[in-house]
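Line by line, the protein sequences are chains H and R.
Letter by letter, the first sequence follows residues 1 to 109 in this note's numbering.
Letter by letter, the second sequence follows residues 1001 to 1115 in this note's numbering.
These are computed hints drawn from the structure, not numbers from a lab.
This structure is a prediction, so every number in the text was calculated from the model and none was measured.
Watch out, some of these pointers could steer you wrong.
Said to hold, decoys possible - Reference excerpt, derived from the structure (chain H facing chain R, CB under 7 Å, subset only): (1) Y30; (2) F45; (3) Y48.
All C-beta atoms in this analysis are idealised placements derived from N, C-alpha and C, irrespective of residue type, glycine included.
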Amino acid sequence: GQSLEQPSEVTAVEGAIVQINCTYQTSGFYGLSWYQQHDGGAPTFLSYNALDGLEETGRFSSFLSRSDSYGYLLLQELQMKDSASYFCAVRAGFNKFYFGSGTKLNVKP
Amino acid sequence: EAQVTQNPRYLITVTGKKLTVTCSQNMNHEYMSWYRQDPGLGLRQIYYSMNVEVTDKGDVPEGYKVSRKEKRNFPLILESPSPNQTSLYFCASSLLVPTGNQPQHFGDGTRLSIL
């Protein structure tokens, strides 16, 4: 079967750096995406990695190691508005997507 | 404004009463998909469509039907809803990218309660 594992909850203080890990086991792999979802809201796309290495987009970076079936999302200079749930998602087939169960990030002042 | 619109946003209904959740996008996207979100389980793909009249099953299709008669619309149909289909449902759309980044745009969600 398909599985994506990520921590259920992470807490950090404003201004800090936090890393959210994702390990996956899927039949087929095209790339790893990250989505943010605020309470009661729609998921919004953050980043995508198809190849090994680090992708940076402003305060957010995402890393992938295909050989380890592992990736992470790095959030720097945390702000209160970053409090949300973060989902990793694998594009496992041409049109199939599998999401992790989500990591709830609590940012404290 | 580019958007994915779902209706209704909230619905409480009873077992066995057929219902349809509509989804419409104005971005001319080929790809559309339905997900359900349950606590602790993340988003699970129900059905997807690559274009008009092309649909296929996702991970959890049982109890659901879809249709894609027009590019912009992708309704989700529950012919005989049951309580285990109580969930938060999201419709998403994207351009169809064969193997690369295919960021999905999500609607605001439909919260269904089936009693």
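Do the hints match the structure? See the list:
The criterion of a C-beta within 7 Å of any C-beta in chain R is met by H:Y30, whose closest approach is roughly 5 Å, and the hint holds. Using the Cβ-Cβ criterion of 7 Å, the hint placing H:F45 at the interface with chain R is satisfied: the shortest such distance is roughly 4 Å. A hinted interface residue such as H:Y48 counts as satisfied when its beta carbon comes closer than 7 Å to some beta carbon of chain R; here the least separation is about 4 Å, so the hint holds.
The earlier numbered hints are all upheld by this structure, with none contradicted.
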